[in-house]
Amino acid sequence: MRRWWAVAALCVAGAALWVAAAGAQPEPRRPHFTDIAPKSDFAYRTDNNFTGRKYFPQTMCGGVAAFDFDNDGRMDLFFTNGAKLPEMEKTDARFYNCLLRNRGDGTFEDVTARAGLLGKKLGFSFGVAAGDYDNDGYQDLFICNAGPNTLYHNNGDGTFTDVTERSGIGTKPKDIVSVAAAWFDYDNDGKLDLIVSNYTVWTPQIDKICAVNGQEYYCHPKVYPSVAHRLYHNLGNGRFEDVTDSSGIGKELGKGMGIAIADFNGDGYMDVFVANDTVRNFLFINQKNGTFKESGYEWGVAYDENGNAHSSMGADAKDYDNDGFPDLFYNNLKGQIWGLFRNMGGKYMSYVSGLSHVSRLSEHSSGWSNGFVDYNNDGWKDLYSSNGDIDNMGEISRQPDTMFENVNGKEFRDVSAQLGPDFNHAGFQRGSAFVDLNNDGFPDLVVTSLAEKPRILMNSADNGNHWLLVNTIGRRSNRDGIGAVLKLTTASGRTLYNHVTTSGGFMSSSDKRVHFGLGTEKAIDSLEIRWPSGIVQILKKVKADQILTVTEPGR
Amino acid sequence: MTARTPKSKPAPLCFIISLLASTLGGQQPAASSDALLQHAITLHQAGELDDAIRAYREYLAVEPDSVQARSNLGTVLARAGRYDEAIAEYALGLRKSPDNPALLLNLGLAYYKTGRHAEAAARFERAVSLSPQFKEQVTLLLAVCYNNLGRYKDAVALLAPLEKDKAGDAGFDYLFGTALIGDGQEAAGTAVISRILSRGDSAEAYLLRGTLELSAHDRDSARADLEKAIALNPRLAGAHARLGELLLSQGDSERARAVFAHELALDPDEFTSNLNMGVLAKQDQGYAEARRYFERALRTRPNDPGVRYQLANVDLSTGNLELARRALEVLIAESPDFAEAHATLATVYYRLNRSADGDRERAVSQKLMDRRDALPAGTKPR
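Here the protein sequences come in this chain order: A and B. Counting in the working numbering, the first sequence runs from 1 upward without gaps. Counting in the working numbering, the second sequence runs from 556 upward without gaps.
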């Protein structure tokens, strides 16, 4: 296309113009982000209680979930928080978790106390996962803690009830630190199960002190033991069974961080990737019989290309090159190379960090929560990462986030600097969620940062691109539709893929609605939904620029 | 760590020349060919190198089995800087006389001059074993080879007995300090550095100290010392390579690339720079370029398991599964504790649909990594 253009230019105005036309690459208009958090009155700050002593959990604080707790059509926000150390108690309000109700006018109301989500008894909290585990139409919350984990049932009236005890989901070995969780239906029985990523065994009493030249630093993970992640099977009636051992998940010991859920081999069953810190990553391939086989070696994602395990942090699985197979993206610390893996037809993953330029783009950043997100609605999913060093000792410990823009599904370029000063805020960023807060079809970002108020970054949505948001409602499948695979074909024949999940990144849970950027195209020829139940639903001639609610048909 | 000698080099060892036709041993060349040889030697002595080369070749056309003429031709070729041709002539000579210590020494020197330290060391060692009188002449060269090959323990063993007599000699101190530091003998290495610095500012001493600091993860001090070394002597061998390693450890691969390239401009065979440039190229998935660097590194250290592992990884990444499998199988046979090699071999087996072999290698790699994880943690921040 570009060559044809160039030839035309030559015919009209000669060689000089041809050179100019061929050399000119008009930069696409890019949206930018503006932090609207200051407009709202809420007290929450991510508080890891850093007062000089460096306790192990302090580096991981500030999980975030984007979900519509009151079903008013506007996505709300929930944040987890730390605790007083070494007491491990939320001794005062500064450590409370926080629920912000989206008023729909660009401001948020703190409704935490009214909702019963302060979490006074939770100790030090990390990740959060939103999902409607009881299929009642209201998304519930699971919170990962250094102590026992917590399941909150959404009562549908603006309040939540701690149902951990009676659900059976609170079981885990003593003193295990859980940092992230993801809802998914691994046996396609229509009920959401839960996988929890565990890091180690830790209490303040066994906290290790590491120092060099008298200066304390956060110890290398090696000083703490690896542990098994946990899988809970949803039995219905609000009960869960710990199937960690019988499912095979418990065979592998890691230092779990982010979780990415996707059907990597296209067999209709959801698989699980767990990023591990300094331990090889795990890819649990669903065997379709209630068990999983850890297949990181086979798939080539256990280690990097040099056989090294890095400090893998956040993880996400989406199809960045629109070939119909979900790819994988994990980030890690400065000086390491973020991993971008291309799914080779559902058989294995090819390491493409170098080819895609991600290796060079990422080497200066320490990434935490991350993900694929088509922030500019051009139909290509970009790579976002919330960044900040693990410690506060180096010159560039405070870091800005990064957005690597996807160029035609092949390579990425760093456009962070063009996304506005609020996006480029330097800090110790940790959790992040993708969410369309004002329902304008452009993804917004919510990012936590240690010792700071979270940023609620609104997408300027001003490049004229079109979009579609799909809100799936399962009937035979789980009500959220988590695991449903969507294939969108535009009028021009371009195919885009995505799937329903709330998990992704690190400690965080995103908008469950499936987002498609359509670029300049306004017409959608078809939208195919493959539900976890196996039902395939095809919608024809769908209008762009709308939030489309699709209910799973009966068989 | 590599260490070509700076400033004060080991006493140069001359190629050994058989200048007199009368030393031709039991051979009795015909009178006309004898005259040819005399003519070649005369030209050689007069420094008429091209003519001497021609004359020796004319003689060898008549007397192809003359070991001495072959050796002299090699020597004059080496003097002309035509080391590859010299090596070929010495090798032909050694076919006829495999235990000729002078030929071995000359061949070792030619290899040394071309930076092929593994080959040089092997010839020096053999020459000394056949003629112990050569030991004093080759000791320092051999130590340079050992340092370049990463055989620091051997270098220390060679140099330690000489310390009493040679301590204070700048070249010796640098060589010995490099060996000690490479061998992990930090206290002894520090003592040698102090000895060098007591004589005033020294690029070599700063390089050694920077190397020590780098291995102790004291990056700020290492950077200061390495930059001082380069400022004092921008052509100091190994200084840019160390700085490159430091920059890599700080995540600055762009500058590291430039610094390694600088080192390779000074010495195309420098091991660390070739290895790291290869790794960086591989990181960019420039596999052909990576292969070139790795092969160059292997020239310096022919059996280095790390480089061979990298090459096997290049094979895996470029889809040459059988090549990768063969290389990794040899590698783990030689280095059974190489956990990463077992892990990569597991992946290769899985890709080749050899699941049982993959499972076995995976288990081995996991066991090795668990064992490594059980070691006491280091004392550095992440």
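No lab work stands behind these hints, which were simulated from the structure alone. This structure is a prediction, so every number in the text was calculated from the model and none was measured. Keep in mind that a hint or two might mislead.
[Claimed, not checked] What follows is a set of in silico ranges between Cβ atoms, one per label pair, in the way DEER data are often shown:
#1 B:636 - A:397: 35 to 45 Å
#2 A:223 - B:786: 52 to 62 Å
#3 A:554 - B:914: 52 to 62 Å
[What the hints assert, rightly or not] Straight-line C-alpha distance at most 30 Å; calculated DSS-like pairs for lysine-lysine:
#4 B:922 - A:251
#5 A:208 - A:222
#6 B:922 - A:222
The beta carbon of each residue, even a glycine, is placed where N, CA and C say it ideally should be.
Tested hints:
| no. | hint | in the structure |
| --- | --- | --- |
| 1 | B:636 - A:397: 35 to 45 Å | 53 Å, violated |
| 2 | A:223 - B:786: 52 to 62 Å | 39 Å, violated |
| 3 | A:554 - B:914: 52 to 62 Å | 44 Å, violated |
| 4 | B:922 - A:251 | 14 Å, holds |
| 5 | A:208 - A:222 | 11 Å, holds |
| 6 | B:922 - A:222 | 16 Å, holds |
Of the hints listed earlier, those the structure fails to meet are numbers 1, 2, 3, in rising order.
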